[in-house]
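Asks: Protein chains in written order, with numbering that gives the first Met the number 0: chain E, 0 to 434; chain H, 0 to 299.
Since the hints were made in silico from the structure, they are not lab data. Check before you lean on any hint, since a few could be wrong.
Unchecked claim - Calculated pairs, DSS-like style, for lysine-lysine (alpha carbon to alpha carbon, straight line, at most 27 Å):
(1) H/Lys258 x E/Lys410
(2) E/Lys413 x H/Lys258
(3) H/Lys138 x E/Lys256
(4) H/Lys203 x E/Lys411
(5) E/Lys133 x E/Lys418
(6) E/Lys290 x E/Lys321
(7) E/Lys131 x H/Lys258
(8) H/Lys258 x E/Lys421
(9) E/Lys74 x H/Lys138
(10) E/Lys418 x H/Lys258
(11) E/Lys133 x H/Lys69
(12) H/Lys138 x E/Lys422
(13) E/Lys411 x H/Lys210
Stated by the list, open to error - Beyond 10 Å from chain E on every Cβ pair, some chain H residues (computed):
(14) Val16
(15) Tyr59
(16) Arg93
(17) Asn110
(18) Gly122
Computed from a prediction, not measured in an experiment: that's the story for all the values here. Where a beta carbon is used, it is the ideal one built from N, C-alpha and C, also for glycine.
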Amino acid sequence: MRKLVSLLTIGALSVGVLSACSDGSEGSSSEGSKDDVLKIWSFTDELKEPIKTFEERNGVKVELTIVPTADYATKLKPALESGVGAPDVFTGEIAFLKQWIDAGYWENLSEEPYNAEEVSKDIVPYVFDLGKDKDGNVRALSWQTTPGGIYYKRSIAKEALGTDDPAEVGEMMSSMDGLFEVGEKLKDKGYKLFPDEGSIRWFAQGNDPQAWVNEDNELVLTEGKENYFDYAKELRENNLTALAPEWSPSWFEGMDKPIKVKEGGKETETEVFSYVLPTWGLHAVLKENAKDTAGDWAVTSGPSPYFWGGTWVGIYKDSKHKEEAYDFIKLMTQDEEFLTEWAKETGDVLAFNPVTDKIKDDFSDEFLGGQNNYEFFLGEAESIKPGIVTKYDQQLDTLYGAAVNSYVEGKKTKDEALKEFKKQVKNAYPDIVVD
Amino acid sequence: MKKLDRYGYLFIAPFWVVFLTFSIYPVFLTLYYSFTNYTGSPGEEIVGFANYTRLLTDTYFIEAFFNTIKIWGVNFALQMGMALLLALLFSDLRLKLKGLNFFRSFFYLPNLITISSVALLFGILLDWQHGSLNMVLMKIGLISNPIDWLAEPVTAQLSVSLILTWMWFGHSFIIVMAGVSGISTDYFEAAHIDGANRWQMFTKVTLPLLKPILLYIMITSLIGGLQLFDLPMLITDGIGSPDGSLNTMVLYLYNQAFKYNNYGYASAVAYGLFLITLIFSAIVFKGMFRNERATQKKGA
Chain E
0 MRKLVSLLTI
10 GALSVGVLSA
20 CSDGSEGSSS
30 EGSKDDVLKI
40 WSFTDELKEP
50 IKTFEERNGV
60 KVELTIVPTA
70 DYATKLKPAL
80 ESGVGAPDVF
90 TGEIAFLKQW
100 IDAGYWENLS
110 EEPYNAEEVS
120 KDIVPYVFDL
130 GKDKDGNVRA
140 LSWQTTPGGI
150 YYKRSIAKEA
160 LGTDDPAEVG
170 EMMSSMDGLF
180 EVGEKLKDKG
190 YKLFPDEGSI
200 RWFAQGNDPQ
210 AWVNEDNELV
220 LTEGKENYFD
230 YAKELRENNL
240 TALAPEWSPS
250 WFEGMDKPIK
260 VKEGGKETET
270 EVFSYVLPTW
280 GLHAVLKENA
290 KDTAGDWAVT
300 SGPSPYFWGG
310 TWVGIYKDSK
320 HKEEAYDFIK
330 LMTQDEEFLT
340 EWAKETGDVL
350 AFNPVTDKIK
360 DDFSDEFLGG
370 QNNYEFFLGE
380 AESIKPGIVT
390 KYDQQLDTLY
400 GAAVNSYVEG
410 KKTKDEALKE
420 FKKQVKNAYP
430 DIVVD
Chain H
0 MKKLDRYGYL
10 FIAPFWVVFL
20 TFSIYPVFLT
30 LYYSFTNYTG
40 SPGEEIVGFA
50 NYTRLLTDTY
60 FIEAFFNTIK
70 IWGVNFALQM
80 GMALLLALLF
90 SDLRLKLKGL
100 NFFRSFFYLP
110 NLITISSVAL
120 LFGILLDWQH
130 GSLNMVLMKI
140 GLISNPIDWL
150 AEPVTAQLSV
160 SLILTWMWFG
170 HSFIIVMAGV
180 SGISTDYFEA
190 AHIDGANRWQ
200 MFTKVTLPLL
210 KPILLYIMIT
220 SLIGGLQLFD
230 LPMLITDGIG
240 SPDGSLNTMV
250 LYLYNQAFKY
260 NNYGYASAVA
270 YGLFLITLIF
280 SAIVFKGMFR
290 NERATQKKGA
């Protein structure tokens, strides 16, 4: 994801520079009117719709600034630190969530007049919990939940596994052994279980994933975490993957058509059976890239529940428009009418129970052969445990992924790769205690 | 008279305001940060030379230094070789090649593509299982198994070097060509009459007279090369994979600052990079001019 994002955003850098210029000139010419504007910053255009609704309903003018993901944190931080040109409301992706909560940029929503605690019962528990700081105060809320699943092709499932029913396929893949068995069955028919070895990272940790760093700021390398090495190697050695790394061109290609794989000096054409992606993977990745196979997909659960990504939104602590700002956040996270419409239009899996309870029963997605993915994901969301997210996750995951990869490629032994990983962690974060 | 003098200052004021705010001020601020443990939020503490002592023993930085030199060195040798060869061909009086203007723009074209597009493009071309390069090489039978270009340290560094060569040889060619056209044809004709062959004309006439131009290319390319960042960052995972072989000094600086929030240490890295650039430029400069003096003496 990072790589794709940086490729796209470095390209868009120039646009960012241009918009920064126009920002400055506007500021000097119309200082007076600018005070009445609610300033919102985000890294996608997702908020455009809700902002339109908000402007119509509340008669407040909103100025949305979209900063590409790769620059978002770098641009936002100085604004928040200095208060100059800072937004009233800003969103934060899971990768930055903990960092910004710790830094105290977001207003405490547990206090008067917001009393965000009141809605806790209406919001998916793990989503609500992730928005809290270490003292248990709510700093940010989210409208969505992003549990993950395994998206697979029905036609292949029918041929190799004898069924395309999500429940039955999910049952077969409900343990690591089961997953590898399915992989072997697929191999016999000439298919590949996953595009790459990284696909298994969420499941390798088992049902009890641990945070990267504990309360004493020590690096936690559980057996579950180390298992990722072995499972990834097993996938590679048993030829269960299509050697198409995540976000690479062939990874995308494999969604829609057979791809060529070279094994033991022989070139074979194969098809990828499944992709491990969360809720947003359906709309942002699969639907965009798998046009010919639309309708042939289904989603089911893997050996263990996981979630990937998610965006939270909060009020800047020094905002002068806190009231309007919270009105907007309420619209975004707790407004039944708006959220119902939003969910139906975008298919985004919401975290607000009063709405999801109402709409989940008659949801179905054409792309998934009419499957009710909404109900499936809400079920998955229930089994996710909060408390495993740290501010280091994104960088540590990248470093760890590189370590596993060097082992899978046979360049390092597991011990060497782990040693190198620990050295890198120490180098990147001198305050983390590494044994 | 006095009034007019003041106008002069007014005219240069805009430049100085911009220069002081965006160049001088950050330079000194970075120097200050390099002595602190600044993490991006206020409240940094002065830590003395701790960042610099860490820098001297930081294996990642030392590795980054050698990676940068290797990638730049291969690229520079190839780029200059190609630029000189092309300049030689196009300036040859006997060959009388046509279409210089066309080729000049043609060779320069890769330089106009934004680096992110280049990275994306070569990411696809060099893809392990599905890349065009491997397919072509396998079709013509040069290799029997696909090579994972960007997964082996040596091939990854070589790939980056070659991409940089492809991007920059046209640029060097234009400058070298300009230098060659500046040499009076009298010298070549005289050499020709004296019975010099092409190689002798190249080494005894063209090269010595091109020295200032070559020095210019060398120094600008060196300074640019030591700052190598965008391509290594974009072509693999952004942390220098495979095996840290694409971890260049500026990439390391960037990651320390903007990924790991170690702004203090990253500032020290920046100053380390500055010193290295300074030393290298001095060596190149000195070396070039000492040679010049030596030849002058010999000639006299």
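Asks: Now, for every hint given, state plainly whether the structure supports it.
Replies: Hints, verified against the model:
no. : hint                : in the structure
1   : H/Lys258 x E/Lys410 : holds, 26 Å
2   : E/Lys413 x H/Lys258 : holds, 26 Å
3   : H/Lys138 x E/Lys256 : holds, 22 Å
4   : H/Lys203 x E/Lys411 : violated, 51 Å
5   : E/Lys133 x E/Lys418 : violated, 31 Å
6   : E/Lys290 x E/Lys321 : violated, 44 Å
7   : E/Lys131 x H/Lys258 : holds, 23 Å
8   : H/Lys258 x E/Lys421 : holds, 17 Å
9   : E/Lys74 x H/Lys138  : violated, 48 Å
10  : E/Lys418 x H/Lys258 : holds, 21 Å
11  : E/Lys133 x H/Lys69  : violated, 47 Å
12  : H/Lys138 x E/Lys422 : violated, 42 Å
13  : E/Lys411 x H/Lys210 : violated, 47 Å
14  : Val16               : holds, 15 Å
15  : Tyr59               : violated, 6 Å
16  : Arg93               : holds, 46 Å
17  : Asn110              : holds, 17 Å
18  : Gly122              : violated, 7 Å
When each numbered hint is compared with the structure, violations occur for hints 4, 5, 6, 9, 11, 12, 13, 15 and 18.
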